[in-house]
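K.L.:
Residue strings, one per chain:
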Amino acid sequence: MSFLLKEFGDSAVLLTFGDHISKEVHLQIVSFVQELKKLEIIGVIAVIPAYSTIAIQYDFLQISYHELEDLLFSIEYSFKEENHKNIIEIPVCYHDDFALDIQHLMEYTGLTKREIVALHTSEDYLVYMLGFTPGFFYLGGMDSRLFCPRKEEPRVKIDRGSVGIAGSQTGVYSVDSPGGWQLLGKTPFNLFDATSDKVFPIKQGDYIRFREISLEEFKAYKK
Amino acid sequence: MIEIIKPGFYTLIQDIGRNEYQEYGMPVAGVMDRDSYRLANYLVENTFGEAVLEITMTGPEILFLEETEIGITGADMSPMINGASIEMYTTILVSKGDVLSFGKLKNGFRSYLSINGGFEVDKKMNSRSTYAYAGVGGFYGRALEIGDAIPVGVRGSVQLKKVPELLFIKPFSTTSIRVIQGPEFEVLKLGEDSCFFSTEYCIENNSNRMGFRLKGRSIAHDAKEMLSTGIVNGTIQLPPEGMPIVLLADAQTTGGYPRIANVIQSDLPLLAQLKPGDKLRFRKVTIEEGAYSRT
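Chains as they are written, first to last, in the working numbering: chain S, 1 to 223; chain G, 1 to 295.
Worth double-checking, as some hints may not be accurate.
Restricting the straight-line Cα-Cα distance to at most 20 Å, the calculated cross-link-like pairs of lysine-lysine (PhoX-like) are [unchecked claim]:
hint : chain 1 : residue 1 : chain 2 : residue 2
1    : G       : Lys170    : S       : Lys6
2    : G       : Lys124    : S       : Lys198
3    : G       : Lys123    : S       : Lys198
4    : G       : Lys279    : G       : Lys106
5    : G       : Lys170    : G       : Lys106
Keep in mind the hints are simulated off the structure, nothing from the lab.
Based on the provided sequences and hints, a complete structural model is requested.
P.N.:
Following this line, the structure appears as structure tokens:
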């Protein structure tokens with residue numbers, strides 16, 4: 001268990017824990033970030049954990065590269081999963097009004113709509129990382145029967161809350177943006193609310209469980 | 001309070017941005033040129049971190065509803081009060097009813113306008129900076145528009161100041177930007193590293209606060225698929241076709257292209273003052289040279 005440390009400009013370092021998506025690497029990253037935050041190192045400005053890397057930004061007027069390097073190598077971290085899984089339920093309406101690509105998904109996967117929804121709501125998906133847009137999470141663990149390539153022609157605008165599939169991934173658009181995911185539903189749950197006390201309800205290492213709701217429930221959902 | 005008579009091309013409320021939410025995918029935003037930003041706040045004795053207007057390419061027209069002091073730094077857009085030219089990089093006293101306007105862009109690309117007390121919109125996520133892509137911060141999360149009335153903080157007593165000419169922005173025919181080799185520099189094919197450092201790049205039209213797209217000789221590389229990984233202000237990515245992209249204030253926090261270099265902090269303000277069509281060249285330095293160039 002170790003990591004590689006590289007220069008990343010004059011105000012960041014890059015820690016690499018592996019070169020592929022794996023739960024073991026992910027758990028090391030989550031644990032390392034937790035331990036790093038506990039240290040409250042003066043001069044460390046931000047942490048950007050991803051699938052197999054952590055970028056750490058620092059202010060070189062407060063801490064030098066070599067001081068930071070020594071501190072980072074002294075951190076003890078583990079790869080054991082905590083007993084408590086933090087599962088966050090996200091309500092999704094799979095109504096045809098929102099499932100804009102359901103026909104294509106049915107044709108590609110050879111499944112019925114009911115089967116697609118049943119498979120999509122059957123897993124607890126691990127949040128490997130956040131990125132791309134504010135509050136957007138990269139999930140792992142989708143059933144391989146749902147794999148479907150992204151659209152050849154991306155849409156110019158997709159509403160935030162839209163739920164889609166791209167290759168082996170599933171996810172939720174966190175803000176209005178262009179994109180090429182195959183859409184199969186929409187959630188009224190807000191992944192990013194700058195005015196809320198809890199701006200980002202989801203963090204790296206959480207688990208996501210999609211729960212099917214009706215169009216009526218979608219409309220009645222309290223913000 | 002000030003009132004926007006004309007907004008200019010793209011005028012935003014900005015401060016130093018938000019660092020702490022990057023792990024949730026939130027870009028930093030904030031001013032593109034931190035040096036000019038600091039000098040603008042210095043002119044009106046604002047404390048560090050106060051919000052200013054970042055003015056891009058063409059200036060706004062602004063009505064002052066009370067007497068106060070302002071400062072203008074960065075790009076020279078021929079600023080005027082009631083039609084008469086005023087100096088940049090110096091504290092300017094404005095009276096109630098005065099109108100600030102701008103003329104021709106003479107150099108640079110981004111001007112910074114500070115006001116005694118700072119522009120006092122509500123903070124969102126610990127910052128007043130505008131991240132327009134997601135409609136966060138600043139004035140309703142967007143660029144300023146006709147009729148916007150922007151609140152201003154409490155006016156303190158200020159001594160008139162001047163910034164030494166040495167610190168004004170300087171235009172170059174080709175700007176030299178210092179970089180540190182990035183974590184995936186080795187994806188460059190043999191001999192292509194010298195190509196990256198010898199090519200004169202031109203800034204493309206579709207460049208913005210998220211990043212600058214560059215045009216020059218394409219760089220051959222053999223990058224494999226990469227997992228999404230962290231990006232910081234100044235990271236230079238190399239997409240498949242081999243034309244580098246410099247990621248800036250509004251860039252997303254993660255990406256999947258090889259990161260071949262990072263611009264040093266001291267040279268980010270130089271980049272911020274370049275406009276589409278301007279030329280630049282990269283020069284390799286070490287992290288020690290990068291850090292010491294600041295002190």
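K.L.:
Against each hint, give a clear statement of whether it holds in the structure.
P.N.:
Structure-based check of all given hints:
1. G:Lys170 <-> S:Lys6: Violated. Lys170 (chain G) to Lys6 (chain S) sits at ~33 Å, over the 20 Å cutoff.
2. G:Lys124 <-> S:Lys198: With a Cα-Cα distance of about 12 Å, the restraint between Lys124 (chain G) and Lys198 (chain S) holds, given a limit of 20 Å.
3. G:Lys123 <-> S:Lys198: Holds. Lys123 (chain G) to Lys198 (chain S) sits at ~15 Å (cutoff 20 Å).
4. G:Lys279 <-> G:Lys106: holds, 17 Å
5. G:Lys170 <-> G:Lys106: Roughly 11 Å separates the two Cα atoms, so the pair holds.
In this structure, the one hint that does not hold is number 1.
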